[in-house]
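Enquirer: Sequence:
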Amino acid sequence: MSFSGVFSQDILTLMGLSLRRLPNSEIVSRRLFALTIEMTQNIYHYSNKKIYSDKDKRYIGSGTVAIGENEDYHIITSGNFMDTNKTERLLNRANYINSLSDLELKSYYQEQRKKPRTDGMPGANLGLIDMRRKSKNQLGIWIDKVDDKDSFFTL
1 MSFSGVFSQD ILTLMGLSLR RLPNSEIVSR RLFALTIEMT QNIYHYSNKK IYSDKDKRYI
61 GSGTVAIGEN EDYHIITSGN FMDTNKTERL LNRANYINSL SDLELKSYYQ EQRKKPRTDG
121 MPGANLGLID MRRKSKNQLG IWIDKVDDKD SFFTL
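To convert, note that position 121 of the sequence shown is 121 in our numbering; the numbers rise steadily by one, no gaps.
Read the hints as simulated data drawn from the structure, not as lab findings.
No experiment lies behind these values; they were computed from the predicted model shown.
Where is the CB? At the ideal position from N, CA and C, for every residue including glycine.
Where hints are given, some of them may not hold.
[Claimed, not checked] BS3-like cross-link-like pairs, simulated, lysine-lysine; straight-line CA separation at most 25 angstroms:
| no. | residue 1 | residue 2 |
| --- | --- | --- |
| 1 | 49 | 136 |
| 2 | 106 | 49 |
| 3 | 106 | 134 |
| 4 | 86 | 55 |
| 5 | 50 | 86 |
[To be verified] What follows is a set of in silico ranges between Cβ atoms, one per label pair, in the way DEER data are often shown:
| no. | residue 1 | residue 2 | range |
| --- | --- | --- | --- |
| 6 | 103 | 66 | 28 to 34 angstroms |
| 7 | 127 | 20 | 18 to 24 angstroms |
| 8 | 66 | 86 | 20 to 26 angstroms |
| 9 | 49 | 137 | 23 to 29 angstroms |
| 10 | 101 | 53 | 39 to 45 angstroms |
| 11 | 85 | 14 | 29 to 35 angstroms |
| 12 | 137 | 92 | 17 to 23 angstroms |
| 13 | 144 | 20 | 31 to 37 angstroms |
| 14 | 117 | 18 | 30 to 36 angstroms |
| 15 | 52 | 104 | 29 to 35 angstroms |
| 16 | 34 | 96 | 18 to 24 angstroms |
| 17 | 125 | 58 | 16 to 22 angstroms |
Using the sequences and the accompanying hints, generate a full structural model.
Expert: In structure tokens form, the structure reads like this:
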């Protein structure tokens, strides 16, 4: 399953319904759903390419999410344009999160939850931490610089 375009609330709902219909265990479906929603929310809020939604009365991020599987595992990947000036910070954060043990990650998550929200940021800065915890895998992040303004972020 894949989608590329503007991630409106309607698209998030349709993706959720499709994931719930997968012939997997309920736990796997819930985990896939949670990870997919986190990725789509990141696109919704942080993509550099936005389109105005009359329905939502705001600009909404555009990007791509794809979900695949083989006999042993599922893979979820997302991609969107981001501000080139923010790439180093994102890579450093992801590398730090990947370096933590499960116990350290849990502690870091709890620390971050207690911090006040950053002005101008839509979330609590927990997305990457939450995805690493729920997937039980390292985060794979690639950033390709397009120009001085935009880079393409793949998770």
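Enquirer: The structure should be examined with respect to each hint, and the outcome stated for every one.
Expert: Verification of the hints:
1. Between residue 49 and residue 136 the alpha-carbon distance is near 30 angstroms, which puts this suggested pair outside the 25 angstroms criterion.
2. Annotation: proposed proximity of residue 106 to residue 49 is violated, straight-line Cα distance about 33 angstroms (limit 25 angstroms).
3. Our distance criterion of 25 angstroms between C-alpha atoms is met by residue 106 and residue 134, whose separation comes to about 11 angstroms.
4. Among the hinted pairs, residue 86 with residue 55 is inconsistent with the structure: their alpha-carbon atoms are about 29 angstroms apart, more than 25 angstroms.
5. Between residue 50 and residue 86 the alpha-carbon distance is near 17 angstroms, which keeps this suggested pair within the 25 angstroms criterion.
6. For the hinted restraint 28 to 34 angstroms between residue 103 and residue 66, the CB-CB distance of approximately 32 angstroms keeps it satisfied.
7. Between residue 127 and residue 20 the C-beta distance comes to about 22 angstroms, which sits within the given range of 18 to 24 angstroms.
8. Checked against the hint of 20 to 26 angstroms, the pair residue 66 and residue 86 passes, with Cβ atoms roughly 23 angstroms apart.
9. At about 27 angstroms, the CB distance of residue 49 to residue 137 agrees with the hint of 23 to 29 angstroms.
10. Evaluation of the 39 to 45 angstroms hint for residue 101 and residue 53 yields a pass: the beta carbon distance comes to about 41 angstroms.
11. Checked against the given bound of 29 to 35 angstroms, the beta carbons of residue 85 and residue 14, roughly 33 angstroms apart, stay inside it.
12. Remark: the range hint 17 to 23 angstroms for residue 137 to residue 92 is upheld by a beta-carbon distance near 19 angstroms.
13. In this structure the supplied range 31 to 37 angstroms holds for residue 144 paired with residue 20, their Cβ-Cβ distance being about 33 angstroms.
14. Between residue 117 and residue 18, the C-beta spacing of about 31 angstroms keeps the proposed range 30 to 36 angstroms intact.
15. With their beta carbons about 42 angstroms apart, residue 52 and residue 104 fall outside the hinted range of 29 to 35 angstroms.
16. Hint check: residue 34 to residue 96, Cβ distance near 22 angstroms, so the stated range 18 to 24 angstroms holds.
17. Our hint of 16 to 22 angstroms for residue 125 and residue 58 holds, since their Cβ atoms are close to 21 angstroms apart.
Of the numbered hints listed earlier, those contradicted by the structure are 1, 2, 4, 15.
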